[in-house]
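Using the hints, build the complex out of the two chains.
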Amino acid sequence: MALLEVEGLTIGIGRFTPVQEIGFSLDRGAVLGLVGESGSGKSLTAMALMGLLPLIRGEVRAGSIVFDGVELANRPAELHRRLRGRRIALVTQNPMTSLDPIRTVGTQIDEVSRLHGGLDGRAAKARSLDLMEAMRIPRAAVVHGQYPHQLSGGMKQRIVIAMALAGDPDLLVADEPTTALDVTVQAQIVRLMVDLVKARGLALVLITHDMGVVAQACDRVVVLYAGRIAEAGPVESIFAAPHHPYTRALIGCIPVEGQARGTLIGIPGQVPGLTDYPAHCRFAPRCPAASARCRAEAPAPATIGASRVACFHPLGRGA
Amino acid sequence: MTDGPMTDGLTTGVPTTGVPILRFEDVNRDFTTPGGWFARRRVLRAVNAVTLDVPAGRVTGVVGESGCGKSTLARLALGLIKPTDGRVSFEGEDLATARRARLRQLRARMQMVFQDPYSSIDPRMTIGDAVLEPFVVQGIRLTGAARAAKAEALLGMVGLDPSLARNHPHHLSGGQKQRVGIARALALEPRLVVLDEPTASLDVSIQAQIVALLEALKARLDLTYLFISHDLALVRYFCDRIVVMYLGAVVEILPSPAAPIRHPYTRALLDSAFVPDPTRRQTLARATGEIPSAFDLPPGCVYAPRCPLADETCRRIRPQLDRSAHPVACHHPLDRAGAGS
Chain A
17 MALLEVEGLT IGIGRFTPVQ EIGFSLDRGA VLGLVGESGS GKSLTAMALM
67 GLLPLIRGEV RAGSIVFDGV ELANRPAELH RRLRGRRIAL VTQNPMTSLD
117 PIRTVGTQID EVSRLHGGLD GRAAKARSLD LMEAMRIPRA AVVHGQYPHQ
167 LSGGMKQRIV IAMALAGDPD LLVADEPTTA LDVTVQAQIV RLMVDLVKAR
217 GLALVLITHD MGVVAQACDR VVVLYAGRIA EAGPVESIFA APHHPYTRAL
267 IGCIPVEGQA RGTLIGIPGQ VPGLTDYPAH CRFAPRCPAA SARCRAEAPA
317 PATIGASRVA CFHPLGRGA
Chain B
5 MTDGPMTDGL TTGVPTTGVP ILRFEDVNRD FTTPGGWFAR RRVLRAVNAV
55 TLDVPAGRVT GVVGESGCGK STLARLALGL IKPTDGRVSF EGEDLATARR
105 ARLRQLRARM QMVFQDPYSS IDPRMTIGDA VLEPFVVQGI RLTGAARAAK
155 AEALLGMVGL DPSLARNHPH HLSGGQKQRV GIARALALEP RLVVLDEPTA
205 SLDVSIQAQI VALLEALKAR LDLTYLFISH DLALVRYFCD RIVVMYLGAV
255 VEILPSPAAP IRHPYTRALL DSAFVPDPTR RQTLARATGE IPSAFDLPPG
305 CVYAPRCPLA DETCRRIRPQ LDRSAHPVAC HHPLDRAGAG S
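Chains A and B, in that order, give the protein sequences.
Take any residue in the first sequence, count from 1 to its spot, add 16: that is its number in my numbering.
Take any residue in the second sequence, count from 1 to its spot, add 4: that is its number in my numbering.
So here's chain B without its partners, still in its complex pose (with noise of 0.2 angstroms):
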């Protein structure tokens, strides 16, 4: 992995392909409920202790069960929260100190596409509109030609047929919402995409539609994506580097999809997938219970109370990621625990 920051932002071009876009560094991002006459503050830790690289030209995967933080940190990627400890930078700039001007001018390089497409467009607007909003917010003026040439074109780019600039959202079925929700995030030419659950809400055949044209777009543009995903097999189909996370912190980073995998949740997130193939049954043992409150964060391991590896030391002493090529926080990593298990 290199070091540093190799660009400084929007004048110097284009980064290689594997230097970082983005970083993480020790980030810590705490959220408070208030406090009431009954009850008492409550303080959780929704990203704890992340550092991540997340090279350019690549697909990064973030994959993780409900309350592992992955969605905040999809938002602190894009400065759209900040960290209340650690440094989020995206092409060297720190997205905390950044002024408001430039944090706008940064986000016309970095997007986000949402899980819900159908939220995240304005009813009311046409969909040549809701296309071209982004411009709109950078406060872009196109003529009215130029207008309705780039909203075709984004249309088209991501297999829409451009006539349908002139209509409203409602006509549109899920998968094509969702396409629209990607031609505006690519309006601006970025160069980071965060990809938030794009699929979740689609029907499987529309989910690898969307997958096929992630894939196109990405060759054809030269983007970087942080794909985030509760599915561990659509990680692994798609991503390069899979981050794994759990309860906050980051358990495991596979340096590629393959990798044989070292951490107990990982294991346990493979083994729940449903494989189509009936041959192939899962039996009912590894993934036991369910996990728990991000409020009450066991002292030690916070996989520890569903591990089945799990002794006195995973208990007591919280592992760290260790800096290998393949980082694991686990005090006892399935590459190590002996051929028995």
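With the rest of the complex left out, here is chain A (with noise of 0.2 angstroms):
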């Protein structure tokens, strides 16, 4: 059985179901990618995973949510409470989301061993210290006593995830590590997660708006928009053969190398707000095959090759 298996999730917030029918599972050692624009879903997916819906007023109304053999939907605080940090640990996009400014870095991870691992002072420090040489940073005794504002941000990130791997977690939850971050940084810190998940035997839900992330990061992925599945499956094959229109047209919205002038289009229109999702498919506004029938109904995902596509008109599947 999977690490993690999320089934029919459907999230609401008061009188509106932002996340419909969302499933997957995810193993150790492997990295999910959950991709889509801002309102497609992808964030509120992360929160129902760790536990925090209720922040927001935010319930899980049906579906199911197993991890390791446990059922996390809408069950009490208190059992979340016990998995975060411990079995469970997020990473956000902005690292003093997670950071006490005015404690150094070093106590803070120490904090986590202690109170997780039940270490003590001197073997906690030694235990961050290991964490925060496997983050490659560089003068590691020194950066432990410092505190965040004299480090960089890309330096911040990498001691957030010193954090939560300080509590020996099964499952991390990144949404948007790297966005905040340089160019260069991203690269350097999204490869590093990727070789600790594998070293480690982790498994890594990684929430991201780039499809560019996802080829370089990710085992499979799961491509949202407005709230539904649009397509799903291993990263070779969505890569290669996207059969859901929407997800050709988000690749192809990253210039490639020798990509002519003009040849850049995006996706015509914008992600349909909350308040007024269609009846029918919710990207068939935006679609360039869309028919009468993606306007009149909405379509159940098939199974096409390796992947789930919801799609009445699939790209790649014969004439």
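In case anyone wonders, no lab produced these hints; they're calculated from the structure.
Please note that the accuracy of each hint is not assured.
As a list, the in silico SDA-like pairs of lysine to any residue whose alpha-carbon atoms are at most 20 angstroms apart [claimed, not checked]:
{"no.": "1", "chain 1": "A", "residue 1": "K214", "chain 2": "B", "residue 2": "M161"}
{"no.": "2", "chain 1": "A", "residue 1": "K214", "chain 2": "B", "residue 2": "R284"}
{"no.": "3", "chain 1": "B", "residue 1": "K86", "chain 2": "B", "residue 2": "R62"}
{"no.": "4", "chain 1": "A", "residue 1": "K214", "chain 2": "B", "residue 2": "Q286"}
{"no.": "5", "chain 1": "B", "residue 1": "K222", "chain 2": "A", "residue 2": "R277"}
{"no.": "6", "chain 1": "B", "residue 1": "K222", "chain 2": "A", "residue 2": "G278"}
{"no.": "7", "chain 1": "B", "residue 1": "K222", "chain 2": "A", "residue 2": "I281"}
{"no.": "8", "chain 1": "B", "residue 1": "K222", "chain 2": "A", "residue 2": "A276"}
{"no.": "9", "chain 1": "B", "residue 1": "K222", "chain 2": "B", "residue 2": "M161"}
Covered stretches of chain B, as calculated for chain A (at least 3 residues, CB under 8 angstroms) [stated by the list, open to error]:
{"no.": "10", "region": "206-214"}
{"no.": "11", "region": "237-246"}
Just so it is clear, CB atoms sit at the ideal spot from N, CA and C, and this is done for glycine as well.
Okay, here's the thing in structure tokens:
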């Protein structure tokens, strides 16, 4: 059985249903990409995994989240509190949301080992230094005694990831962990996270809007559009032959080497707001292949090759 | 590259394609932190000895990471700040010595599109008023009918529904707000548009739309762009010429987007791009370390602490941009480093 099994996950906030029937599974040592534009529901899905939906008055309306055999959906806050930090850790976009500005970064990493691992001060510090070195932080012993404001954005994010690893979690959820960082630093941190996941047998849910990050880091990908799965499957086949017009368009938004001028088009229109999700296929208003049927009913996911695709007119399926 | 300013301003008409419309000559720009009881005053050189031409009718890209000086360069280009040393001139006129009234006239011909469309538009204005704000700034009075017609034409030009003119900007999405920002920048029919990370805060699908719009507008209105970005893949797609900056200095100027890369930093930038192809995964090797503080620049090459090719010379002597057709500031440019690297 997979470490994480999400099935038919439907998230409600008040009278809205921003996430509908999302499902995926994730094994140890694997990286799953949740990709989509703003408003696709990817961060809400992360919050559901972390048991943080009550903070925004959201709830799981249907479906299940089974982590290591334990159902997490709509379970008491106490259960999530026990899991968070220890078995499931979160890395967010802005490292300062996870760091206390008035304490040294070292004591903050130490604290996680002491709290969750029951280590004493000396052992906790030794472990912190190991983790900092695993995150390729130069002069770890010096940095251990520094405050967040003395460090660059990339260093702070490395510290936050070291903190997340200090609880020795099984599952890491990273929500746009490198978006705010410099290009050369982004590449290093994404690569480092992937290597750590493989080496330590963790599972990583990587939330991103960038198909480039997906291609470089993920084993499997779930493409979300307006709260629903458009397409899901192994990264190699999704990039080699995307079946959903949205997936293809999303990949096409990134200019590639030698691309001729005037050939970057983007996707016309914009993601519909929560209040005006169409009852039919949600991508139809922006889709070049949309037919009358797409504007009348919503497609159910179907299996094509190694992928699941929710589209009436999938690409690359014969003539 | 042509020498000397070709036109002297507003009356002589449009310089021909390729002639520099904007020039930086040996420009430095320092910022000083205020000193205090416990902090000494510190000087940060945000832009360091930059010499650069922006040819008319072309897209010049400036690429680099945080602290490289690209946004300071944008503000110098528009005369919003003055250089500490050196000269920035637009159509031959020195922006630092131009009188205030003249500067305002010149600014009508050079406009800026900002990264954050949310904070660059006054939320209390209607979209029509926001687009026409440059006319107010320039003291140009439009009659009611002319105002409405102008606002509608500008909105239509950037692909927005002209009827939005009466609405307030909070109804708009990020992409639509950026279109308003572009319409406003084009209101006075400028020659030069400085685009400061215009797509950095937008979703990728919207980013591509905006780039396509900028391409179409450039062709239609014969514009010159100075396009500032951290995204080398985007810059290579969009720009005719690419200026690579690192910690305030120009390290390489690619004469064309396909030109073979000569500076190790440009190589690192390119290797760091997330290529949307899982069969071409990058390894954790090339770009190492992080950008040092601009306060404590090393004496030699500013990139030496991160550079895989750096040697004693690099750590001692700062390399100057050479005067070739493809200038690079490096003691060991990649095309000379031999086949092995």
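We went through each hint and held it up to the structure:
1. A:K214 with B:M161: Violated, at about 51 angstroms.
2. A:K214 with B:R284: Between K214 of chain A and R284 of chain B the Cα gap is close to 18 angstroms, so the pair holds against 20 angstroms.
3. B:K86 with B:R62: violated (25 angstroms)
4. A:K214 with B:Q286: Distance of about 16 angstroms is within 20 angstroms: holds.
5. B:K222 with A:R277: Given that 20 angstroms is the threshold and the Cα spacing comes to 12 angstroms, the pair holds.
6. B:K222 with A:G278: holds (12 angstroms)
7. B:K222 with A:I281: holds (16 angstroms)
8. B:K222 with A:A276: Answer holds: K222 of chain B to A276 of chain A is near 16 angstroms, not above 20 angstroms.
9. B:K222 with B:M161: holds (12 angstroms)
10. 206-214: holds (count 8)
11. 237-246: Coverage by chain A holds here, the residue count being 5 at a Cβ distance below 8 angstroms.
Of the numbered hints stated above, those contradicted by the structure are hints 1, 3, listed in ascending order.
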